[in-house]
Structures are given as structure tokens and as C-alpha cells.
Amino acid sequence: MKAVVLAAGKGRRLWPLTENRPKPMIPVANRPILEHVIDALDGAAVDEVILVVGSNRERIQNYFQDGQDWELDISYVVQEQQLGTGHALLQAEAQIGDSFIAMNGDRIIDAALIERVWDRHQETGDPVLSVTRVEEPSRYGVVELDGEMVSSLEEKPLPQLTTSEYINTGVYAFEPDIFAAIRQTEGTGEQALTDTLTRYIDDQRLRAVTYRGMWLDVSEPWDLLEMNDSLIAYEGPSGTDPARVDDSAVVAEAAIVGEGVSVHPQAAVLRGVTLGDNVSVGPGVVLENAVILSDVTLKAGAVVTDCIVGANTTIGPNTTVEGGSTDVVLNERVYHDVTFGGLLGDNVDVGGNVTITPGSIVGNDAHIGSAALVSGRIDDSTHVERG
Amino acid sequence: MCGITGYIGTEPAGRIVHQGLKNLEYRGYDSAGIALAGETVSVYKTEGEVDELPVPAQNDVACGIGHTRWSTHGEPTETNAHPHTDCSGDVAVVHNGIIENYEELKAALRDQHIFKSDTDTEVIPHLIENHLADDVSLLTAVQRTTAQLEGSFAIAVTAAGHDGVVVAREDSPLLVGHGENATFIGSDATAFIEHTDQVTYLESGDIARLTREDIEIYNAGEPVTREIETLEWDAEAAGKSGYEHYMLKEIHEQPRALRQAISGRIDELATSVDLDIDLPAEYLRSIEEIQIVACGTSYHAGLYAKELLEAHAGVRVTVHIASEYEFGGDRDPWRTMVVAITQSGETADTLSALRNAKRAGARTLAVTNTLGSTVTRDADDTVFIRAGPEIGVAATKTFVSQVATATLLTVHLGQVRQSITSQTTTELLESLRDLPGAVQQILDREATIKDAAETYADSESFFYIGRQAGYPVALESALKLKEISYDHAEGFAAGELKHGPLALVTPETPVIALLTNASAAEKTLNNVNEVESRGAPVIGVTSDPAATSHVDTTFDIPECGPLEPVVANVALQLFAYYVADAKDRAIDKPRNLAKSVTVE
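So the sequences go chain by chain: Y and F.
This note's numbering applies: residue 1 is where the first sequence begins, and numbers increase by one.
This note's numbering applies: residue 1001 is where the second sequence begins, and numbers increase by one.
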């Protein structure tokens, strides 16, 4: 069975991490989100995956190649411009001759979800989507049900306008006739897949299966820390290469360590930490609840808590990301009391004795001079000096 | 060089052999052909690429051999394409290598045999025809034939009415793949890697009779056994994964290749390296000179290695173009180590230089990308660069991995010889560790390089200048451009410009200047001024914001210590790629070139 996975979206809310990589390639528990998706597809007996890729597609292609490591046949189609999910799916039309699974590449789910959607589609021949309950449904596509049939589908409705707790998980099973339906959908600019599904709803053909398993979505940066922490617990720790960890350093059970990592004397890598490949953890560094991407250098005495650190970033000696809860303003919205020490982009050069206050977001290639105090949002390539 | 493949099994052989040729196409693509052998032998040939050769429609034959050719003797025509047959058309032969005595053999055969082609190969089927007339087995006929041949060869032979295929190897590479109910033949494992990872490497002098389930190997007439080995590479790594060209895919694989090159070899805590070199420490301490032998891109990596080794390993280093190499000058072979750098491990010029050094009594070390390749057997010890398979004819990731490996070797030798300071060790190892991330940043800035490439694509000539470690990178970057864009490009030591090449500089010839760390950028800036006053546009590759005011276009690269010129090379690989792409060149298969050259 074939699956089309939409992985062309840019995911602007996770700036600056999504400047250099598509959202599905952001690592959680040291593996890209998309790899968790591919694993679920593999577990559901999918044998051929068509990835719809767009901006920064090289990152996806380099990582997954032709799928041999997953014993899957992986091929790529390119969505040159971001013209909506319907348009993205349409790019795969030439590869599809029969019923297939379509899903998003940036949400982590279980194989069971895919199997249930597929089975129901096989039993009925109708298009099927799946729904799950979440705390804040109005952040997603809210689905109203009449028995098993979908009676409405509304993207991010005002909370007062809906009573349903069900949201669309973004996993579908379709017949190839979906492509004609997408083309016939009148669009204003973007072709959203959900607009096309409204037609099926009008014909009373769109079915939903309800699902209570794992469904993890990263909308805001701090979601990444939470997802990382829960997946480490779920998947268990990876083996650490003992030769690269000094005897006097501590690496917690609930931490994942990539290849070629060095942990110097007296360093502590505590709960909820993942270290990407080729990371150097200097003497006396303390890390807790942190996602550290590949090629990062943490110099002596740095303390990094509740924080995401982009690839190839250097954090100077005795620099502190203090962590903890704070109110964060992001994209014109205030989020109260989130645990978020900060997010540093790729290739950031942070000097010694810098303090990064909770909720800070630092753009790619920024330079933070020694002893600076950082707060709020710092743009790409900015130079910040102690003032 | 050429590529050989073959299949003996149960499926229609035409399709499988054809696919094998596609996989081997990087070894040569002037012409291609297939012979299918059952009760009769049918031959299908074409001039040009494998794609021009239709998959044989014949579905009832499960035994076949194929060949993709890169011309050495005779033009790339359909007549000269392999397989070659005897007068009866019952014996078909594919051949990689050169038969040195073919003219005498041909003269002797000419009275009784009709020759159709200009190739050296064609003598082989006619010789076999003569021996088969004595009513011997195909194996015996091939044994008798190879005894008459001089030169280097890998051949595969089928004959009507004889079961299976007989292969023979003398220097040129050849291996056998063992599948379920099938046996495969390849010049390298790429030919059949999607079918099996179980292989037997034949050794020089081996002649083997292959059937669907069996392999009998003879050497000097005696039966021998050769081990079956499991390949570590898989077919996945040889696909294009959505990229337009292998070259672009391989450029993008560099951060990963570099992490592999250093993975497990650096102990950051102890600031030491482990290269798994068996050469004894006493020997490494005693050597007075290292001679590096290599060709093409590997030669440039050798020049970079010289910069590092002379500065930090306290040893005199000379770098030799392999085809020009002789062990001479009254050197003491006991105090000379010869290092052969070859991506494929099969480069004939390099192997021949290595053998020359061995005969003189020097110890040898191979630096290669290919497990099980000839150089790994010939040299006393081997260090692998671990870049993964490289298919694009223009070498990219293997260059950076060769330099990374040379850096590790420098630290190792420096420590053994106690010539390197701990500060320099830390600096080199940090630079190595920073390299993957720095290269990734170049890839993230691809769009700006592409824009510049399109701006300058129509220039008359391109000159690359650099000093110190920037000099080999200037040579390598110029080679990349000329290989794939067919533009005239030259690399010069920056100081040499005023001694001649400056006469070539005009407003139509952009000059690309390496203004990085470890390349004496301040001095090169003087040379930038020289060319600018002749009106030439200058592209500066630099991590120093101050340098940008001296140049017209800047390729801004991240700081990366002594290996910063390697980062610059990646930017210039992309520049070459996009200049060639703007001209719509056949980037993975540049005209007249082949991936690894197994003829001298």
C-alpha cells in the first residue's frame, strides 16, 4: 500500500529553526519528526511512500534517500510553491493508481491510527479521515460528527462557534478520485485539502474513525520540549558510547546522546535532554530539559535549561539559559506560564557569561557578545553586545 | 575505463544485465552492449549511452554479459562496442583493460580469422575460437587464451552451448556476486548491489567458471578458494534521491560524510586520534620523507595533506602525480613512506606508482574510499575515508573526506613523532569537528552562490588563486569547473600571477580568490589588486568581513580554523555546479571523462 506524506510546509511558527530545514525535519528524541511518521507508516504495512517536498527539500532527501534504511520505497515529488495542502497532494497524482493513505509529515502518531483509517476505507470504499480529542480544539481543524459520518469540518473556528471536541488528525484514506475533486474545488489562492473534503461532506460520503492514541503536534517552540520529553520516556534511552563520556560526568537515563558526542569532566546531562551528532559538552556544563541539535559546542560551565539550541551553535563559558516558566508573546498572542527557557537558532555564536532570560528567541547566525543580557526576539544575523 | 557486468540465473538476463550497465554507466558511456547466451549467442550493441541500447526483447535466456565502454583503442562506434565475437558468432567476450600484445596476436590470427573492429579486445574471442576447436571446455579455452595475453584485463566470456560464464582477472578489477539462485559479475559492486551484498573478490591471475549456483576458481591451473564477503554499502546509497544530479546529491552529503570520516576516530577528551594504523610507531618515527602519489582531485588532496604534514608532523613531504612517479633520487627506501590517495582504489596510474615504490623497498599506505579495492591489497596498510559511494564523475565529497582523513593522519603522525604541540592538536581537532557544521552553512546559502554562478556563467575563462592551503583548493576548484562546465579554468598560486598568467587576465575573466584562514589572505589581497587594476571581476571566498571591500562578489563562509579552505572548496563546488547547470551540461557524465581510470 502507498502513502503520500505532505512535507512541503514551511512551519513559520517555529522560526528560526524552520529557516534552514522544513518543519518535519526538526528532531524530537534525536530523530526528525518525519522519521517518527515514516516508522508509523512502516508499522502499518505501507511499503511505498511518496514524500511531497518543497522548501529546503535537500534536508529530507539527504536523510531518507531512497528509503532502504527503513525497508521502504521512498520517492519524492516537489511542490515548487506553497499553494495549500490540496495542491501539495495533487503533485503526487502521477504516482497513484489505487486507494492510498495521505497524511501530514509533521505530526507524530501510532501505526494503529493508519491501520484503522485504512481498514475502514477498505470496508466502505468511502473517503475516511480520523479524529481525536484535544484540550483546545479551536487551534486545529474541528470536526463535527453525525454517527460515523462527518457533518462539518471547520479550520480553527472561534471557540464559541463549535461544540465538538474532535479535531482532524490529518490522516486520510482516499481513492484516486480525490485528485479530480481537488482540481474542481474553487479556491481563492491556496487550494486547501479541507475545502475539497467539504464536497464529500455534502455528498454524505466522508467517514471518520475516532482515535485515542498518540497524536503529537508541535505548534509552538515549547511544544518541542514537551514532545521530546514524552518521547524519550516512550522510546527509552539510546545507548551512550562510554568512550566519549568522562568518568566524572553524568548522563541521565532519560537522555539521548547522538553519534560522536563528547561529554567532558564534571558535566551533567540530566532529564529530558537530547544531544545531536557531533555535539561537544564542555567541562562542568549542566543541561536539563533541552533539545541540542547537531554540531553544537557548549563551553565550560554553561547552564542550559528548558531550551532548544539550533545546529552548529556555540555557547560560551559560564553562559546561562536559566529556564523556568514565563509568559511569552509569539505571533501577536500571549501564552501564559509556559515552561520555555529559550530557543537559539542555527550557527549562533554566544560569548561567555551571557544570560538568556526565559522566553528569548534568537535568530540564526546571530552573535551575542560576552556578558550580554538577552531577552525577547533577536533577528537573524544580529550582533548583540553588552549595553 | 570500462564497466563489465553479467548474470547467470533464472530470470530473463537481458533486463538484469541492462540495469547492471545503467548502474555502471559512470565507468564509461561511449558505447554499450549485451550478449545473451543459450543455444546460440545474440549480441545487442549501440554507440553512445546505455539508454540508447534497448532492453533485449529476448525473454527466454537467463545468462548474459554486458559492457559499457570508455574508448582507449578505436573510436566509440557500434562496431567497436563490446561484446566482441569470434568468426562464428558463438563466442562473446567483454573486456576491461588493455591487451598490450594484441597487434602481434592479431597479425598471427589474421589469415584464418576475420576482424571487424579496431579494438584490442577482439583478439580474445578469436583465440578462444581456436582453442574450442580442440574440443576442450570453455574454461580450458579461456585458460589457454589468457596465457597468450599480455597486459591488464578483466574479461567475461560466454559461448553457445556452454553452460555459464567464464571470467578472468589480471590486474583490472572484477568481482562476483552471489544471489539466491543467481550469480552476478561486476567491475565493481554497483553493478549488482540491488540484488546481493554477498561478494567474492577475484585476485589477479584468477580464472573462474560461474554457473547459477556455483563458482569454481583456478589460479595458475590449480583450484583455489576465495572468501565470500558481505558488502557494507547498499543500493540505497547509490540512488539520486530526488536530486537532479548525483553531483548535487553528493555535495549535499558532505556534512554527513565528514561526520563519518571523523566518527570514533577523535578522542576529544584525550585529544588524540585513532586511525587503526598497524604500521609500527618506531617506523613512523624513523621516516625522513613521505611521498604522496595520486591523480586528479586526489592529487590536490595530497597537496593539502603536504601543507598539514610538513607544518605539524615534522616530516618532509613531496607530492607526485602518479603517472610521473619514479622512486629515485637516491632516497633511502627504509626511511620513505609512500602514501597512495585514490578514491576508487583502482586508479591504474596510482597503483602502478605504488608498485614502483614497493619494488624499491618503501613501505606504503593507502588512503581510499573503497573497501576491498586493489590498493587495499597492494599497500602495507590502509586508512579509509568513509565518504560512502560517489557516483558523480566530478569528485566532491571524497575530496573533503580525503582532506579530513589527512588531518587525522597529521595529528597521529605528529603525536607519534612528538612534533605537534598540544595547542595545535586541539586546534586541528576542533577545526575537524567544526567542519560538518560549517559545510552545512554553505549548503544553506546555496541560493547566493547560484545567483553568482548565473551572473558569471558566460565568462571567457576563470582563474582561481590561493596561497598555502588555499593553493590546492584553487587547483581543485578550477578542475571542478573545467570538468563539468567545459569552461577554461586554471588554478594558480596567487604569487605566480605576476610571473606570467597575469597576461591572460581581462575584464572577461573573473578571478576567484581564496581569502580564507590558512591561506595567507593578506598577501593574496595584493594579487587581487593586481587583477582588479586589469579590470577583472573578483569573487572573494572569505570569512573575514574586512576582505569583502576588496572584491566584487563575496562568498561568505564561516570561520573554521586551519580547514577553512575546505569549506571554501564546498562553496566553489556549488559555483562550478551552477555554472555547468546554467549551460545545461551533462554534469554527472562530462564528455570524455570516466569516474575512475583503470588504464594507464
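Fair warning: there could be bad hints in the mix.
What the hints assert, rightly or not - Subject to a maximum C-alpha distance of 25 angstroms in a straight line, what follows is the list of computed SDA-like cross-link-like pairs (lysine to any residue): (1) K1450(F) <-> Q68(Y); (2) K2(Y) <-> A1447(F); (3) K1240(F) <-> R31(Y); (4) K1450(F) <-> R31(Y); (5) K1022(F) <-> K10(Y).
Stated by the list, open to error - Computed list of chain Y residues with no C-beta within reach of chain F, every gap over 12 angstroms: (6) E19; (7) R59; (8) D126; (9) L161; (10) A181; (11) W215; (12) S219; (13) G260; (14) V261; (15) S262; (16) N331.
In short, the hints are calculated from the structure, not lab data.
The structure presented is a predicted model; accordingly, all values stated were derived computationally and were not measured.
We put the beta carbon where it would ideally sit given N, CA and C, even for glycine.
Now for the hints, and whether the structure bears them out:
For the hint linking K1450(F) to Q68(Y), the alpha-carbon distance of about 31 angstroms lies beyond 25 angstroms, and the restraint is violated. Proximity of K2(Y) to A1447(F) is assessed by CA-CA distance (about 34 angstroms); at most 25 angstroms being required, the pair is judged violated. Taking the CA atoms of K1240(F) and R31(Y), the gap is about 22 angstroms. The hint holds against a cut of 25 angstroms. Distance restraint check for K1450(F) and R31(Y): the Cα-Cα separation of roughly 30 angstroms exceeds the 25 angstroms cut-off, and the hinted pair is therefore not satisfied.
With a C-alpha separation of about 36 angstroms, the suggested pair K1022(F) and K10(Y) falls outside the 25 angstroms cut-off, and the hint is violated. Under the 12 angstroms C-beta cut-off, the non-interface status given to E19(Y) relative to chain F is violated; the minimum distance is some 8 angstroms. Against chain F, the non-interface label of R59(Y) is violated: not every CB pair exceeds 12 angstroms, the least being about 9 angstroms. At roughly 33 angstroms from the closest C-beta of chain F, the C-beta of D126(Y) stays outside 12 angstroms, upholding its exclusion from the interface.
The beta carbon of L161(Y) sits about 42 angstroms from the closest Cβ of chain F, which is more than 12 angstroms, so the claim that it is off the interface holds. Every CB of chain F lies more than 12 angstroms from the CB of A181(Y), the least distance being 27 angstroms, so the non-interface label holds. No Cβ of chain F comes within 12 angstroms of the Cβ of W215(Y); the nearest lies about 28 angstroms off, and the non-interface call holds. Every CB of chain F lies more than 12 angstroms from the CB of S219(Y), the least distance being 24 angstroms, so the non-interface label holds.
Not every C-beta of chain F lies more than 12 angstroms from that of G260(Y), the closest at about 5 angstroms, which undercuts listing it as non-interface. Some Cβ of chain F comes within 12 angstroms of the Cβ of V261(Y); the nearest lies about 9 angstroms off, and the non-interface call is violated. Not every Cβ of chain F is farther than 12 angstroms from the Cβ of S262(Y); the closest lies at roughly 4 angstroms, contradicting the non-interface assignment. Here N331(Y) stays apart from chain F, with its beta-carbon at least about 24 angstroms from theirs, past the 12 angstroms limit.
Consistency note: the structure conflicts with the earlier hints numbered 1, 2, 4, 5, 6, 7, 13, 14, 15.
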